[in-house]
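Asks: The working numbering applies: residue 1 is where the sequence shown begins, and numbers increase by one.
Do not rely on the hints blindly, as some may be mistaken.
What the hints assert, rightly or not - Heads up, simulated DSBU-like pairs for lysine-lysine below, C-alpha to C-alpha not over 30 Å straight-line:
1) K33 with K142
2) K127 with K142
3) K142 with K54
4) K29 with K153
5) K153 with K74
6) K53 with K29
7) K142 with K153
8) K54 with K127
9) K33 with K127
10) K74 with K54
11) K53 with K74
12) K29 with K54
13) K33 with K54
To be verified - Quick list of the computed label-pair ranges, beta carbon to beta carbon:
14) A98 with H134: 28 to 36 Å
15) E145 with G32: 15 to 23 Å
16) P101 with K29: 32 to 40 Å
17) I34 with Y115: 16 to 24 Å
18) P41 with W149: 27 to 35 Å
19) E126 with D3: 29 to 37 Å
20) Q13 with R65: 17 to 25 Å
21) E126 with A88: 27 to 35 Å
22) F123 with K74: 15 to 23 Å
23) D87 with P15: 14 to 22 Å
24) D72 with D3: 31 to 39 Å
25) T95 with E59: 14 to 22 Å
26) V48 with T2: 16 to 24 Å
27) T2 with K53: 20 to 28 Å
Hint data in this document are derived by calculation from the structure and do not stem from the laboratory.
Quantities reported herein were computed from a predicted structural model and do not represent experimental measurements.
A virtual CB, placed ideally from N, CA and C, is assigned to each residue, including glycine.
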Amino acid sequence: MTDEVLLLLGCPQIPVQSPLVLYVADLLKDLGKIPVVAANPSARQLIVASDPKKHYVAEYRDVDRTIADLADGKVRYPLIISFIHNDAGLTYTATAAALAPESLLVTVLFGEHAYDLAGEIAFPAEKIVAPVTHNTRPLLAKIDEVMEWAVLKI
Numbered sequence: 001m002t003d004e005v006l007l008l009l010g011c012p013q014i015p016v017q018s019p020l021v022l023y024v025a026d027l028l029k030d031l032g033k034i035p036v037v038a039a040n041p042s043a044r045q046l047i048v049a050s051d052p053k054k055h056y057v058a059e060y061r062d063v064d065r066t067i068a069d070l071a072d073g074k075v076r077y078p079l080i081i082s083f084i085h086n087d088a089g090l091t092y093t094a095t096a097a098a099l100a101p102e103s104l105l106v107t108v109l110f111g112e113h114a115y116d117l118a119g120e121i122a123f124p125a126e127k128i129v130a131p132v133t134h135n136t137r138p139l140l141a142k143i144d145e146v147m148e149w150a151v152l153k154i
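Kindly generate the complete structure, drawing on both the sequences and the hints.
Replies: Put into C-alpha cells, the structure is as follows:
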C-alpha cells in the first residue's frame with residue numbers, strides 16, 4: 001500500500017475548510033504519510049496560498065481528474081479524508097466511496113447543514129461532524145482521535 005493519503009476537497013465557500021485541510025496534512029506528515037490534495041481550482045489556490053513553501057502539502061490534483069483516475073484504477077489510496085459542507089462535496093465523497101471500496105473513508109462535515117449532510121451518508125465512513133463555519137475548535141479533538149487510529153489501520 002502507498003503512503004499517500006487523499007484529501008478530497010469541495011468548494012472553499014466555508015472558511016474552516018482550508019485550516020482544517022492544513023491541520024490534517026500536518027498530522028499526516030507527522031505520522032509518516034504523504035497528503036495529496038484533490039480540489040477544484042479555487043480550493044486548491046486557497047491551500048497553496050496558505051502553504052506557499054509546501055510545508056504541509058506538496059502534491060495537488062484536480063478533483064475531477066482524481067475521480068476519473070479512481071474509476072480507471074490508475075490511483076488507489078488506503079485512506080481518503082473528505083471535507084464536506086454541501087451536496088456537491090457529498091456527491092464527490094459518495095463517488096469516491098463507490099470507486100474505492102477498499103479505502104478507509106473519513107468524512108469531515110462542517111457548515112450549517114453538517115448534521116443533515118451526515119444523515120445522508122449511506123456508505124461506510126467515519127463521520128466527524130460539527131456545524132461550524134469559522135471556528136475549527138469543535139472539530140480538532142475529534143480529528144486528532146480519528147487520525148490516530150485511522151492511520152494505524154492502513
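Asks: It remains to establish, for every hint, whether it holds in the given structure.
Replies: Hints, one by one, checked against the model:
no., hint, result
1, K33 with K142, "holds, 19 Å"
2, K127 with K142, "holds, 10 Å"
3, K142 with K54, "holds, 25 Å"
4, K29 with K153, "holds, 16 Å"
5, K153 with K74, "holds, 23 Å"
6, K53 with K29, "holds, 15 Å"
7, K142 with K153, "holds, 17 Å"
8, K54 with K127, "holds, 28 Å"
9, K33 with K127, "holds, 21 Å"
10, K74 with K54, "holds, 25 Å"
11, K53 with K74, "holds, 28 Å"
12, K29 with K54, "holds, 12 Å"
13, K33 with K54, "holds, 15 Å"
14, A98 with H134: 28 to 36 Å, "holds, 32 Å"
15, E145 with G32: 15 to 23 Å, "holds, 19 Å"
16, P101 with K29: 32 to 40 Å, "violated, 27 Å"
17, I34 with Y115: 16 to 24 Å, "violated, 32 Å"
18, P41 with W149: 27 to 35 Å, "holds, 33 Å"
19, E126 with D3: 29 to 37 Å, "violated, 20 Å"
20, Q13 with R65: 17 to 25 Å, "holds, 22 Å"
21, E126 with A88: 27 to 35 Å, "violated, 21 Å"
22, F123 with K74: 15 to 23 Å, "holds, 22 Å"
23, D87 with P15: 14 to 22 Å, "holds, 19 Å"
24, D72 with D3: 31 to 39 Å, "violated, 22 Å"
25, T95 with E59: 14 to 22 Å, "holds, 21 Å"
26, V48 with T2: 16 to 24 Å, "holds, 23 Å"
27, T2 with K53: 20 to 28 Å, "holds, 24 Å"
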